[in-house]
Amino acid sequence: MKKKILIADDDRTFTLALAARLRANDYEVISAPDGLRATQLALQTHPDLIILDVWMPIGIGLSVAERLAEHGLHTPIIFLTGCKAPKLRKAAGTVGAAGFIEKPYDPEVLLHTVECALSRQATAC
Amino acid sequence: MINVLRDLFSPAKNQSDRPYEILVVEDESIVAHDLQQRLTRMGYTVSGVASNGRQAVEQALETCPQLILMDINLGPGMNGIEAALAILQHRDLPVVYITANSDADTARQAARSGPFGYILKPFEDRELETAIQMALVKHEMELSLRESQRWFNATLTSIADGVVATRPDGCIAFFNPSAEMITGWDQASVLGKKVSEILPLQNDGTHDQDTDFYSSFLETTSVPAACRTALLKRHDGLQIPIEYRAAHIHDERGRTQGKVISFSDISTRRLAEENVQRARQELEIAHTHLQHQHQELQSFYHIVSHEVKTPLTSAREFASLVLEGAAGPVNDTQKEYLGLAIESCDQMRTCINDMLDVTRLQTGKMSLELKAGPLGDLALRVLAGFRLEAERKRIHLTGAVKPGLGDVLMDETRMAQVIGNLLNNALKFTPPGGEVSMVVQPAPGHPGQVQIVVTDTGCGIPTQDLGRIFERLYQVSAEDNPRGMGLGLGLHICDELVRLHHGTIRVESVVDKGSTFCVTLPVVPPVRSLLSGLARSSTQAPEPIKRSAQSQPILASHFHANT
Numbered sequence: 001m002k003k004k005i006l007i008a009d010d011d012r013t014f015t016l017a018l019a020a021r022l023r024a025n026d027y028e029v030i031s032a033p034d035g036l037r038a039t040q041l042a043l044q045t046h047p048d049l050i051i052l053d054v055w056m057p058i059g060i061g062l063s064v065a066e067r068l069a070e071h072g073l074h075t076p077i078i079f080l081t082g083c084k085a086p087k088l089r090k091a092a093g094t095v096g097a098a099g100f101i102e103k104p105y106d107p108e109v110l111l112h113t114v115e116c117a118l119s120r121q122a123t124a125c
Numbered sequence: 001m002i003n004v005l006r007d008l009f010s011p012a013k014n015q016s017d018r019p020y021e022i023l024v025v026e027d028e029s030i031v032a033h034d035l036q037q038r039l040t041r042m043g044y045t046v047s048g049v050a051s052n053g054r055q056a057v058e059q060a061l062e063t064c065p066q067l068i069l070m071d072i073n074l075g076p077g078m079n080g081i082e083a084a085l086a087i088l089q090h091r092d093l094p095v096v097y098i099t100a101n102s103d104a105d106t107a108r109q110a111a112r113s114g115p116f117g118y119i120l121k122p123f124e125d126r127e128l129e130t131a132i133q134m135a136l137v138k139h140e141m142e143l144s145l146r147e148s149q150r151w152f153n154a155t156l157t158s159i160a161d162g163v164v165a166t167r168p169d170g171c172i173a174f175f176n177p178s179a180e181m182i183t184g185w186d187q188a189s190v191l192g193k194k195v196s197e198i199l200p201l202q203n204d205g206t207h208d209q210d211t212d213f214y215s216s217f218l219e220t221t222s223v224p225a226a227c228r229t230a231l232l233k234r235h236d237g238l239q240i241p242i243e244y245r246a247a248h249i250h251d252e253r254g255r256t257q258g259k260v261i262s263f264s265d266i267s268t269r270r271l272a273e274e275n276v277q278r279a280r281q282e283l284e285i286a287h288t289h290l291q292h293q294h295q296e297l298q299s300f301y302h303i304v305s306h307e308v309k310t311p312l313t314s315a316r317e318f319a320s321l322v323l324e325g326a327a328g329p330v331n332d333t334q335k336e337y338l339g340l341a342i343e344s345c346d347q348m349r350t351c352i353n354d355m356l357d358v359t360r361l362q363t364g365k366m367s368l369e370l371k372a373g374p375l376g377d378l379a380l381r382v383l384a385g386f387r388l389e390a391e392r393k394r395i396h397l398t399g400a401v402k403p404g405l406g407d408v409l410m411d412e413t414r415m416a417q418v419i420g421n422l423l424n425n426a427l428k429f430t431p432p433g434g435e436v437s438m439v440v441q442p443a444p445g446h447p448g449q450v451q452i453v454v455t456d457t458g459c460g461i462p463t464q465d466l467g468r469i470f471e472r473l474y475q476v477s478a479e480d481n482p483r484g485m486g487l488g489l490g491l492h493i494c495d496e497l498v499r500l501h502h503g504t505i506r507v508e509s510v511v512d513k514g515s516t517f518c519v520t521l522p523v524v525p526p527v528r529s530l531l532s533g534l535a536r537s538s539t540q541a542p543e544p545i546k547r548s549a550q551s552q553p554i555l556a557s558h559f560h561a562n563t
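Which chain is which? The protein sequence lines are A and B, in order.
Position 93, counted from 1, in the first sequence is what my numbering calls 93; the numbers after and before it change by one each time, with no gaps.
Position 79, counted from 1, in the second sequence is what my numbering calls 79; the numbers after and before it change by one each time, with no gaps.
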């Protein structure tokens, strides 16, 4: 069965490209343009992995992660960052980030990070 | 004292070494004759003998003697004192009175004519000689004193600064023509007036009365301040800026005899100063404005670059997905075109990254994460990435790492960028069939340093361009190199990055033969390298050493380049 990945990013083109890349690698992809919709979609569909943009409207990535944890959803989360700010990474670490992808991403790095996050979840389960 | 005088006037001669000429005024001919003889014996010349007052005046004015021996009682008509006063109106001559009368009234009368001596009949030669010599000395001194007074007066009158001198009571005793010019007062009307009335000074900053100056200096004996500026209210009520200084006038015993104030009109200078000040303010405003614009431009540059980069990445990603067949089967022509589209995206990405790097370097926001590591390994990894392109261009690409190299403290990403840039340039400017080689070796003659030498057999760089190729936006003439030239930022970035690594980059080139670029970097001392290696092998990641173009390290730049 295909693994389901939720992408939340306000950049439509970027989201489409990322989704196409993941679909080409045999993942099922759903997407949300903001934090609120991402939270709703995650709670409804229980994806295997969530890729969250750190900066997006109606709920930045970190707050989405916190909200999901409050609802008992412990899906692994990969954060998309525009920079390698260590403070941000530290903060993301506290909400249980499974990985980071820097924008613009290298497809190989992306797929590797996704695989790692999913396999970690598999081991955890 | 007499001896001294004798030395001065020995024996009875003046400065031009001629005997002093003396006019004898005596109504009794026997006495006159006796006097004449005694004077001649003493070495003086008797210029004439007058027996009455009128004769005395005539002869004195005519012969102009150097001294007059004047009997006070000259019979009927003018007496000696009257004759002396008449002569002194025209000639400045020393007069020595001879008289048999020693009454107080005569002495008082004689005193009115400012006599230089007074001899009572009968007298000895010695008394006569002493009186004459004293009179001559006193007269000489008076003359010289008067001369020096004239000189000082002329000096104070001539100088361009206004000069005002006061007596101990603070009233004006001297006021030179320049002071008249500057203040608008004339000397006659200010003499005897209080200086504070004539020179009302206001603080030029606050326009308050400068009472401090008058109370602290003029009314006391305190040490005056150095040169000050003030606004002076002229006689006509106009105000002018002046610069003034003041001093106490002391006599030889150190007693204060008054004050002297000198001042000058500084309106012209003040005007010039104000113009300079205004110009400076305008420059400052312009500078701030330019700085602001520069910052805005840089910020704009940064945002635009970043905003362009994101959709560009998406475009490349879509092209890449289609090329990989993710959107259905792709034929060979489509593959070729998509490949070209991706290549164009990559070129554009390089340009944007270069622009971002230059902005970072300019603003001092380029931060390096320095770690000790082997330069050779990194260089070979970078070189491997160019194999395909070299094969495609049929260029023989070789890489060699000499043994015994120490570790180098470097930001691997940035150093890879430098090496990649040099290799890319070498391949770009070398024709098919040419050679590009990279050697990593200890720097010859520089222990503790390591070199990366990239040599090509390309078109070379003209001598006149060699000194400028590391300049920002500099490009070797595009006519010779019609192919895509990029922005002319690559070598500039290399130079700056190498500099941030405490290294140097230099170039040697011969047109049509090829170029050699050489990057020299310091090797980490072995102990530090060992420590760094230990840290790397431990589970705890080593804290990277940060170095940025600014003195204060920037923890993270906002945008990650080189992606």
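I should point out that these hints are in silico values taken from the structure, not numbers from a laboratory.
Take these hints with a grain of salt, some might be off.
Said to hold, decoys possible - Calculated cross-link-like contacts (lysine-lysine; reagent style DSS-like; alpha-carbon spacing at most 30 Å):
id, chain 1, residue 1, chain 2, residue 2
1, B, K371, A, K90
2, B, K393, B, K233
3, B, K121, B, K138
4, B, K233, B, K194
5, B, K335, A, K2
6, B, K513, B, K428
7, B, K428, B, K335
8, B, K513, A, K90
9, B, K428, B, K402
Each hint tested on the structure:
1. B:K371 - A:K90: Holds: K371 of chain B and K90 of chain A sit about 21 Å apart, inside 30 Å.
2. B:K393 - B:K233: Violated. K393 of chain B to K233 of chain B sits at ~89 Å, over the 30 Å cutoff.
3. B:K121 - B:K138: holds, 22 Å
4. B:K233 - B:K194: holds, 15 Å
5. B:K335 - A:K2: Between K335 of chain B and K2 of chain A the Cα gap is close to 29 Å, so the pair holds against 30 Å.
6. B:K513 - B:K428: holds, 15 Å
7. B:K428 - B:K335: It holds: about 24 Å lies between the C-alpha atoms, which stays within 30 Å.
8. B:K513 - A:K90: violated, 53 Å
9. B:K428 - B:K402: holds, 26 Å
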